[in-house]
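Top to bottom, those sequences are chains R and B. Residue 28 is where the first sequence starts when you use this note's numbering, and the numbers rise one by one after that. Residue 41 is where the second sequence starts when you use this note's numbering, and the numbers rise one by one after that.
Derived from the structure by calculation, the hints contain no laboratory data. All of these numbers come straight from a predicted model, not from anything done at the bench. Honestly, I wouldn't trust all of these hints.
Straight-line distance between alpha carbons at most 16 Å, and here's what the computed EDC-like set of lysine to aspartate or glutamate pairs gives [as the list claims (entries may be wrong)]:
1) R/K311 <-> B/D113
2) R/K311 <-> B/D67
3) R/K311 <-> B/E103
4) R/K471 <-> R/E487
5) R/K330 <-> R/D245
6) R/K311 <-> B/E73
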Amino acid sequence: MTAVLYVPRDSAARSVGADAVAQAIADEAAARGADVKIVRNGSRGMFWLEPLVEVETAAGRVAYGPVAAEDVPSLFDAGLLAGDGHHALALGLTEEIPFLKHQERLTFARVGVIDPLDLASLSAWGGLDGLKAALEMDGAAICAAIAESGLRGRGGAGFPAGIKWKTVHDQPTGQKYICCNADEGDSGTFADRMIMEGDPFTLIEGMAIAGLAVGAEDGYIYIRSEYPDAIATMRAAAELMEQAGWLGADIGGSGKTFRLHVRRGAGAYICGEESSMLESLEGKRGTVRAKPPIPAIHGLFGKPTVVNNVLTLATVPVILAKGADYYKGFGMGRSRGTKPFQLAGNIRHGGLVEKAFGVTLRQLIEEFGGGTASGRPFRAAQVGGPLGAYVDAAMLDLETDYENFAGNDAMLGHGGIVVFDDSVDMAAMARFAFEFCEIESCGKCTPCRIGAVRGKETVEKIQRGENVDANLELVADLCETMRDGSLCAMGGLTPMPVLSAMRLFPEDFNTTPLMAAE
Amino acid sequence: MIEAENAPPPAGAVAEATAICARHGNDPAALLEILHDLQEETGFVPEATLPAIASALNLSRAEVHGVVSFYHDYRRAPAGPVVVKLCRAEACQSMGALALIETVCAARGIKLGGTSEDGVTIEPVYCLGNCALAPAAMVNGRLVGRADAARLDTAVREARS
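Assemble the whole structure, with the sequences as input and the hints as a guide.
Here's what the structure looks like:
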């Protein structure tokens with residue numbers, strides 16, 4: 028009987044040796060004359076356990092991890108192929124691992140479970156059900172279903188997807204576009220990458236549904252160049268979908284058209300901002316556009332355009348397949364459904380946690396994440412990317428909800444949570460926030476372009492102990508100008524990490540000049 | 041001033057650039073893809089190819105120059121045969137990325153952004169999407185998680201072979 032094993036092909040798993048493990052398993056099986064089939068799945072998102080090897084058994088998939096190539100012979104000796112649990116690396120049934128068991132995976136339901144490029148077996152996992160349902164509906168009904176589900180943009184801004192789609196739908200017919208923003212440049216985020224590498228078909232399906240909803244026949248996916256594996260997987264998946272008739276001139280035999288174009292970014296963080304991304308897709312410098320007009324009316328090449336991020340579009344199929352009410356049943360307040368959170372940085376159990384809105388930061392960081400990786404006390408976490416606020420230990424009981432975070436001078440953003448232990452210097456982090464803005468500003472508006480440079484210099488003065496009070500006031504003033512005067516979120520939100528660091532960790536900003544040592 | 045940084049174009053680079061533009065239908069919207077393809081072929085984007093690209097795409101030379109200079113990815117001179125990108129974004133900083141960068145640069149006797157005598161270019165990057173396995177690095181396009189100096193040396197050796 029063939030033993031079926033799973034070794035992830037996700038680039039994070041490969042970054043800690045998954046390829047070598049897969050090879051070692053194949054070699055060991057050959058040497059022992061064992062019949063094995065190795066499936067290269069996506070990652071389950073438990074990165075401290077990567078490379079995670081799973082074996083199919085009658086009771087379900089059994090996990091081992093983190094496995095190194097050297098462990099393979101002893102794993103075979105201990106009955107790996109039968110899923111025998113007598114080995115130091117044995118973790119039991121994968122689905123029973125608490126980190127995974129306590130999640131609510133809708134968008135990530137298949138990530139880490141399936142071979143991401145096995146279209147033939149996709150239907151067994153519910154793949155394409157959403158697209159098939161959408162093909163039976165008219166555009167207005169699809170837009171209404173998305174609105175009803177309460178889905179808001181998972182890229183960070185949280186704008187209701189249904190309203191955006193309806194705006195594009197209501198524009199006069201003609202050329203329209205679907206643009207998927209896969210320029211996930213925020214530190215602490217990797218959910219988009221995991222979807223693109225682990226279940227690319229769900230994203231393509233979501234884009235095709237968006238096309239049917241608004242009457243767009245062309246979709247672009249703009250992927251950052253730092254993700255070569257995601258680019259390759261998306262391209263391969265698009266080709267498979269086209270060969271199978273789910274993309275192109277006659278999707279699913281419906282007579283409707285949807286073409287997908289995969290485009291690479293070129294290392295500019297600002298192109299994650301939707302209007303910069305549109306400029307970049309047009310072959311130009313990625314400078315932001317003033318709004319209005321909004322992209323829904325005047326987007327790519329001046330045409331009505333839906334711009335959504337990867338997670339938003341990848342969530343669309345499950346909503347169509349299982350109904351708006353099912354999705355709406357998760358979450359709290361006006362934050363409906365689930366949110367993929369990413370635990371990153373100095374954290375013991377780093378990884379992907381998809382959970383209904385409302386889960387607290389403490390549950391995420393302490394229960395799922397197991398505290399800091401260093402074992403030192405927790406001091407701060409940055410939530411929502413480099414433009415998100417820092418939170419301290421007193422804020423850990425905040426429930427994750429867009430409005431709740433905004434009410435506490437923080438933001439949920441893309442759901443990235445970067446943990447720092449007590450060795451962090453928050454003045455240095457504030458300085459870095461300005462430096463990052465200086466490096467990545469598109470340069471179009473003055474508050475962002477100049478403010479970032481002056482902000483960095485002023486924080487450096489504070490760090491050196493020069494006129495601390497006056498300079499703290501100056502930074503606060505500058506932040507107000509950047510927030511109110513910048514054209515986009517780059518300059519507008521850089522004050523978030525800076526001001527939160529100053530507010531919550533004032534002791535790091537009150538350094539006085541050091542006395543001469545001698 | 042910018043010209044001073046530019047390396048002379050390899051033989052045939054201009055013809056190559058024109059051919060790549062044609063392959064993309066001389067579509068100005070494909071400019072980023074064209075520049076990526078050219079850089080993959082020639083190792084960098086030679087200044088001397090810009091007029092040919094501008095002419096093929098019906099753009100001004102200034103527009104093409106503006107795009108080349110805007111994006112961090114495009115090089116105006118070749119890098120070493122091994123390129124090590126070290127993440128210095130927040131998640132990696134929380135796991136000691138800045139100290140790692142200092143160590144790695146000092147060991148090769150270069151500053152961040154430079155190329156060592158044995159042909160290793162070390163560059164900063166802001167997020168590789170491997171934030172749960174920080175510090176993150178990328179060596180010739182291959183991601184390295186939980187990076188330290190020893191693991192990076194191994195990755196550099198593998199990239200050479």
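Checked hints:
1. R/K311 <-> B/D113: Given that 16 Å is the threshold and the Cα spacing comes to 14 Å, the pair holds.
2. R/K311 <-> B/D67: OK: R/K311 and B/D67 at ~12 Å, within 16 Å.
3. R/K311 <-> B/E103: holds, 8 Å
4. R/K471 <-> R/E487: With a Cα-Cα distance of about 25 Å, the restraint between R/K471 and R/E487 is violated, given a limit of 16 Å.
5. R/K330 <-> R/D245: The given pair, whose Cα atoms are some 11 Å apart, holds under the 16 Å limit.
6. R/K311 <-> B/E73: holds, 11 Å
Of the numbered hints given earlier, the model fails hint 4 alone.
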